[in-house]
Amino acid sequence: MSVSTHADQSAGRDGAAADGNTPPSARPTPVFLERLRKILPQIGWTLLSVGTFALIWEILWVAGVADPKLLPPPHVFLGDFADQAKFFNTAQRWQIGVSESSGPSPWQAVMITVLSSAMRVFVGISIASILALSVGTAIRYWVAVERLTLPTITLLSPVSPIAWLPVAIFLFGIGNAPAIFMVVIALFFHMTIATINHIDGVNRNLINVARTMGATKYQIYRRVIIPAILPGVFVILRLNLFGAWMVVLIAESTGVGYGLGQVIMLARNTFNPSLVFFCIALIGLLGFTTDWLMRMTQKRVLYWVNDPSGVLRGL
Amino acid sequence: MDSEAKAAPDGPAVSCRGVGKIWAAGTARAHEALKGIDLDVEPGEFVVLLGPSGCGKSTLLYLMAGLEKQTAGVVDYFGDPVTAPSPDRSLIFQETSLFPWLSVWENVSFGLQIRGDSEPERRDAAKQVLRRVGLAEVGTKRPDELSGGMRQRVAVARALAMRPRLLLMDEPFAALDVQTRQKMQDFLLDVWRESAASVVFVTHHIDEAIALADRVCVFTARPGRIKEIVPVDLPRPRDPFAPESEALRRQLTALLKDEVDRAFAEQEGLLEVG
Ligand SMILES: Nc1ncnc2c1ncn2[C@@H]1O[C@H](COP(=O)(O)OP(=O)(O)O)[C@@H](O)[C@H]1O
Ligand SMILES: [Mg+2]
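Protein chains in written order, with the numbering used here: chain A, 1 to 315; chain B, 1 to 274.
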């Protein structure tokens, strides 16, 4: 990786020594190119990894080991995009008076489906995070809140979100709301308890510094405890992302309207392996994108946390 | 600094009378950390607390800071009992206690923000204090970009920004290498002379005590009691190899050795019983 831009960081190791030896600044590279140079190898390795996997699959198909009716190779299920996309079609063509050819193009249909699932996950995550942070903090801030809510939260947290599915439908019928509700349920309890645990684990010295500076309880929470717990709570959020996607697919498969989960259910019921693998590829891509977005968010919002991935690489 | 000139009543800055602390008092885990501490710290004085680890030095600092409540005796600060923490008494810890999400200057002006100062005021104050500790250039860096010695200097700057009349320091240089530690001791003496604040400095390092102290309080092993108060009447900067320093080193080593032996014996006794 390139070292040139970070030379100034190490130059300040000791206050006195910093003055003399400012490094001769390297030719300034545009930020964009710099970044591209960093992520290009990453993209290359990702493509190589996925490509190798697909190649093995294709070879198995050529060799006749993989039955194309059950395990259609990538070129089959990715090949005819329009053919797959027709199952994503959200136009209500079956209705009387709607023309056969109306409705969105194949690309649009897939995008609408994928984005509506992603939107449910995103809204659910946002609501769950804000709710869990507020409730968890309130539990530690006011003893009365703890006494009133913590027992219930502790009792409900081990309940699988799937058990909440009927409740979601009773409460919200069909549409976006029950799917979002499911995401919130899947994340809320874990994140609330994680918030409480992280509050208890905040370095006492940091709190004591604030106390000696005359900070009030509110100031200690706002200026010390909340920033101190954010990285840990964010990790819990990232770990539960998978769960959020899972419950959204399940909620959609029970018929909350269009969505990836509904298409998968359709593929299963009509025994369409190509469509199943197409959906799996889409979900993989989505999960990858979501995790990438989360890491970008982490870098932005939690700028002081060093990314520890790869620290063991030098071994 | 002029803040102490206007309000320096006669009498000691800190006065401890019969101070005791029992942690978790009244429970099965109760244990006595401090017992019968009588100690006065004069305004502008540099007092070092020296003792084996676990003898209650940190506990005494916490009591003086007002972070914990003693279970016996009184702790007065300029004549008034200590009841709560105050920006006038700053505590500096051994481990890094800088806020990792704030830049250096934001860390330094944290107390000013708590107090409600405006941002330009805080920037000015931070710049001034950082210059005093020789870190004028690093204001916009984050703590994890600094070396250990620089971080402790920032912690000192953060304490100084509140213009305290009492600096409580809990083994602040213990994690530093020997060379850095010596630099930091010189630096601390400069800062102390300039600010005219009183300092209570905890260490288990005899050489550090000799380099810094006006008086060294040697503690007994648990429960911590003051075994002896040794005045150090040597001009600063002190030569660690001067005969007077050697004599002090011998005296303090002898005083400490008994206590470390006792602490070990007690731990072994505990092991046998348990
Ligand atoms: N917050 C606390 N709760 C209970 N016991 C404590 C606490 N802090 C310190 N102690 C105990 O008090 C004794 C003295 O500790 P401390 O003041 O940290 O010693 P020192 O700083 O001299 O090494 C030790 O036995 C320690 O276990
Ligand atoms: Mg200690």
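Be a bit skeptical, because a hint or two may be false.
To spell it out: a stretch of chain A is covered by chain B in this simulated footprint if at least three of its residues, at any positions, have a beta carbon under 8 Å from a beta carbon of chain B; those stretches are [said to hold, decoys possible]:
no., region
1, 200 to 209
2, 218 to 226
In silico DSSO-like pairs for lysine-lysine, Cα to Cα no more than 27 Å straight-line [as the list claims (entries may be wrong)]:
no., chain 1, residue 1, chain 2, residue 2
3, B, K257, B, K35
4, A, K299, B, K35
5, A, K38, B, K141
6, B, K35, B, K127
7, B, K35, B, K69
8, A, K38, A, K217
9, A, K217, B, K69
10, B, K183, B, K141
Hints listed in this document are in silico derivations from the structure and should not be mistaken for laboratory results. Glycine is no exception: its CB is placed at the ideal position from the N, C-alpha and C atoms.
Evaluated hints:
no. : hint            : result
1   : 200 to 209      : holds (count 5)
2   : 218 to 226      : holds (count 3)
3   : B/K257 - B/K35  : holds, 20 Å
4   : A/K299 - B/K35  : violated, 50 Å
5   : A/K38 - B/K141  : holds, 24 Å
6   : B/K35 - B/K127  : violated, 43 Å
7   : B/K35 - B/K69   : holds, 14 Å
8   : A/K38 - A/K217  : violated, 44 Å
9   : A/K217 - B/K69  : holds, 18 Å
10  : B/K183 - B/K141 : holds, 22 Å
Checked against the numbered hints given earlier, the structure breaks hints 4, 6 and 8 and satisfies all the rest.
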